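S.K.: Residue-level listing of the chains:
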Amino acid sequence: MADPGRAVKPAALGARSTLVTMSAPDPGELHTEIDRLRTLVGPDEQGYAALRQDLLAARDVAKGAEASTGALRGQVAQLHVELARARQDQDHFQRLVINRAQSTVGRIARSVRARIF
Amino acid sequence: MLPLISVLTPVFDPDPAHLVACLRSVERQSWANWEHVLVNDGSTRPEVARILDEHAAADQRVKVVHRAKQGGIVAASSDALAAATGTFVALVDHDDVLEPHALGAMAAVLGGGLGGGLGGGLAQVAYSDHDFIRADGRYVDPCFKPDFSPERLRNQNYITHFLMAERQLVVDVGGFREGFDGAQDHDLVLRLTEQAKQVAHLPQILYHWRKAPTSVSASSDNKPWAFDAGVRAVASQCERLGIDATVERTEYDGCYRVNRRVTSTPLVSVIIPTRGTSGRVWGATRSYVVDAVQSLATRSDYQELEFVVVFDDATPEPVLHALRRIAGDRLRLVAFHDDFNFSAKINAGATAATGDLFLVLNDDTELIDPASVGVMVAHLELDDVAMVRARLLFSDGPLQHGGHVYHHDIMHACLGWAGDSPGPWPMRPLAVERECSGVTAAAALVRRSVFEAVGGFTTELPLNYNDVDFSLKVRAGGHRIIWTPHASWYHFESRTRVSVLRPEEYAFINERWHYEINNDPYYNPNLQPDRHDWLERPMRSGAPAVDTRPNVLRRVMSKVQARR
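Heads up: the protein sequence lines correspond to chains B and F, in order. Here the numbering used here runs 2 ahead of the position in the first sequence, where the first position is 1. Here the numbering used here runs 18 ahead of the position in the second sequence, where the first position is 1.
Note that these hints are calculated values from the structure, not bench results. A hint or two may mislead.
Derived DEER-like restraints, expressed as beta-carbon distance ranges [to be verified]:
id : chain 1 : residue 1 : chain 2 : residue 2 : range
1  : B       : L32       : F       : Y533      : 43 to 49 Å
2  : F       : T283      : B       : A64       : 35 to 41 Å
3  : B       : A52       : F       : N544      : 48 to 54 Å
4  : F       : N537      : B       : E31       : 54 to 60 Å
5  : B       : D56       : F       : A153      : 56 to 62 Å
6  : B       : I100      : F       : L433      : 50 to 56 Å
7  : B       : T41       : F       : R279      : 47 to 53 Å
8  : B       : D93       : F       : R46       : 31 to 37 Å
9  : B       : A103      : F       : D246      : 53 to 59 Å
10 : F       : P118      : B       : G108      : 41 to 47 Å
11 : B       : R61       : F       : D246      : 31 to 37 Å
12 : F       : N537      : B       : D56       : 50 to 56 Å
13 : B       : D62       : F       : W443      : 30 to 36 Å
14 : F       : P242      : B       : A103      : 48 to 54 Å
The structure presented is a predicted model; accordingly, all values stated were derived computationally and were not measured. Every residue gets a Cβ at the ideal spot worked out from N, C-alpha and C, and that includes glycine.
Working from the sequences, and respecting the hints, build out all of it.
M.R.: Pasting the structure below:
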């Protein structure tokens, strides 16, 4: 737990930041808050609780559905690596073959030219 | 005079052609001063003894020891070590193949008491990258390894081949130990690296490991007991180093889990910068910071926590009220009145925190594994570990953070891979706890003393790269940073603010850490730049080598080679 003996001086927090002390709540404010919450919940607290349960269940379903998509997304990311590997090897191979072919054609052309002229 | 290198090879019933390939690869070393110590461990194939004897008769640098009966890999390796006389010993299996410059390249980085190796090296132990030889003779699955990574070595024998060390050091640490058959090399390298003044890594493939049908390299089903021996080797190291832990195999063969026990429970200050925003995740609205705190307060096994929430002036009062309700007297609220600056907010939180450890946490997170904080705290019981980072997942499950990779760019390792993936074969970086050059600050546990020593986060980096800078400052202080897959959070990345990349921030980080962000010791220069998924550079993936010699010359050369 926090050591009360190590109270932080606001100045030590750096410019423009202050440690907020937590004072005891005002009973009047609490009553106002209760009224606000009652308005939000409505007359049937059980109905509100059931609604929350429904929300959590719906959230879990959504989470599961997203996870299915995510699993596919993960596979796609991994397949992208395989694809990149295949492509770069193919490019490299082609470069070697084309270079080789170009130099061979050049050599033949030079020798033909030399014989003709 | 070049130092003598003893190549140690225990031999038991190899395919004769493979044995000959191994012998020839040693014979053709460019480093002339070697001896090849072969111990025939009671091979039942008569041609093996004949090949060895013929080879020894033809070259006096080849020493052959015949054991009357099979004693196993440890006994044979010990005999080879006893017969060796070199300054260095190199371990080569009976069917594997060395590159012609393998011994020379390794000798260049090893010191050997010679006042520096030929290449100026001072290391006592060195290892190289390796790949595998498939049945059709092609080289496949290159293992491009990190520089020495002790945590990873506990979790996985990533070094395997090719290993070379001072012979005296090998003898001093006790050589090959009985009881570790199948993982005797892992056991040895763990002990060697504990004692070595320096461990060098050569990022070159100097060794080709044959995928023989009976080898672990071909299938882990071949020697399942080898991994049990590996568990014992790692447990033995934990005992030597005073790490209070149990060791177990994981679902990935060759990867171990070191379950550390938390021996003390220091207060962890969870520092969370926030502006109290809400958003929709999994179809429901959540208040990010409230749910982040709630997940830790209610789910974490480790409860020596205080929550230091650094909030902007715009933070709604109900959010602060909810935080008070959840965290009670464990909450410290710090009001932040300036423009958004992640670094300044973390520093303000650190000043207000009272714990010895700081868990720097983004507000758009949710704890997944209840053991996470305990796992991370346990790592910090080793003095040289300063920071530990968890696995972060996107809300739909793929990996958001598997440690940073600094390889000509600043990246998250294996971003977007499946959350439960072990990572790319054969290194499997996501299945093991390992050292990283840097980690994100979205859920990082760091020592207070180190945080203060490096001056906290750099406020010149208000939005981006502040975690990179912080990580590199920590490592520059000689500390290790660990990433663990055994601690995990969801990270609803960039949902609480719009992601903005500022060129001046990259310029700052590039100027301050140019070398570091282009040379990640825990990655490998043979891997493609600007990628984070261990993709090797072209033509290293087992595609056939292109022979550009004319056909006639190729035919002649292959006939000459066949005759030799």
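S.K.: A separate judgement is required for each hint: does it hold in the structure or not?
M.R.: Against the structure, the hints come out as follows:
Hint check: L32 (chain B) to Y533 (chain F), Cβ distance near 59 Å, so the stated range 43 to 49 Å is violated. For T283 (chain F) paired with A64 (chain B), a C-beta distance near 37 Å keeps the hint of 35 to 41 Å intact. Separated by about 60 Å at the C-beta atoms, A52 (chain B) and N544 (chain F) break the suggested range of 48 to 54 Å. Remark: the range hint 54 to 60 Å for N537 (chain F) to E31 (chain B) is upheld by a beta-carbon distance near 58 Å.
A hinted range of 56 to 62 Å for the beta carbons of D56 (chain B) and A153 (chain F) is consistent with their spacing of about 59 Å. Checked against the hint of 50 to 56 Å, the C-beta distance between I100 (chain B) and L433 (chain F) comes to roughly 34 Å, which is inconsistent with it. Distance hint check: the CB atoms of T41 (chain B) and R279 (chain F) are about 51 Å apart, consistent with the given range 47 to 53 Å. Taking 31 to 37 Å as the suggested C-beta distance range, the pair D93 (chain B) and R46 (chain F) conforms, at roughly 32 Å.
At roughly 55 Å, the beta-carbon separation of A103 (chain B) and D246 (chain F) lies within the given 53 to 59 Å, and the hint holds. Under the hint 41 to 47 Å, the C-beta atoms of P118 (chain F) and G108 (chain B), about 33 Å apart, miss the expected range. For the hinted restraint 31 to 37 Å between R61 (chain B) and D246 (chain F), the CB-CB distance of approximately 43 Å leaves it violated. Our hint of 50 to 56 Å for N537 (chain F) and D56 (chain B) holds, since their Cβ atoms are close to 54 Å apart.
For D62 (chain B) and W443 (chain F), the Cβ-Cβ distance of about 33 Å falls inside the hinted range of 30 to 36 Å, so the restraint holds. A hinted range of 48 to 54 Å holds for the C-beta pair P242 (chain F) and A103 (chain B), which are about 50 Å apart.
In this structure, the hints that do not hold are numbers 1, 3, 6, 10, 11, in rising order.
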